[in-house]
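Engineer: Sequence:
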Amino acid sequence: MEAMQPEFGKTNLTFWLSERVFKTHNVIYVIALLAWATAVAFVPGDWSLFWPIMVWTIVFMIHFLVFKGTHVDDEWVEERVERLNEEAKDLSHIEAIRDDYTSIDRLRRPKRDMD
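With positions in the sequence shown counted from 1, the corresponding number in this note's numbering is that position plus 1077.
These are computed hints drawn from the structure, not numbers from a lab.
Among the clues, some could well be false.
As the list claims (entries may be wrong) - With a straight-line Cα cutoff of 20 Å, these simulated SDA-like cross-link-like pairs (lysine to any residue) come out: (1) Lys1145 x Thr1101; (2) Lys1145 x Trp1133; (3) Lys1100 x Leu1142; (4) Lys1145 x Tyr1106; (5) Lys1100 x His1140; (6) Lys1100 x Leu1126.
Kindly produce the complete structure, drawing on both the sequences and the hints.
Structural biologist: The following block contains the structure:
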């Protein structure tokens, strides 16, 4: 009889990138970080748990970046572009560049001769 192995496919990846798993990881990480900070506060000079927390912080950052990177939709992109345009200090310059690259005339312009 052959042993059954779980398939590591799209379903498993979808599970690990779900919002529920990320929020759970976030809560567990914050609780562990607070427990570590409390332990360090009451046991001065004992930094034995520093490296596990540091490694976990890096893993959590990677999880956060992958989660945020895979949960981008068109609505978020449009909102982000609008916000960047509103916050731009030199909006007229940005509009001139955009118009230059999106105009039909751009392809018809003669090339400048190099002197």
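Engineer: Each of the hints needs a verdict: does it hold here or not?
Structural biologist: Do the hints match the structure? See the list:
Among the hinted pairs, lysine 1145 with threonine 1101 is consistent with the structure: their alpha-carbon atoms are about 15 Å apart, no more than 20 Å. Using a Cα cut-off of 20 Å, the hinted pair lysine 1145 and tryptophan 1133 holds, with the two alpha carbons roughly 18 Å apart. Taken as a hint, the lysine 1100 and leucine 1142 pair is honoured in the structure, with Cα atoms around 13 Å apart against an allowance of 20 Å. This hinted pair checks out: lysine 1145 and tyrosine 1106 have alpha carbons roughly 17 Å apart, not beyond 20 Å.
The straight-line distance between the Cα atoms of lysine 1100 and histidine 1140 is roughly 11 Å, inside the 20 Å bound, and the hint therefore holds. Between lysine 1100 and leucine 1126 the CA atoms are separated by roughly 23 Å; this puts the pair beyond 20 Å, and the hint is violated.
Violated hint: 6 only; the structure is consistent with all others.
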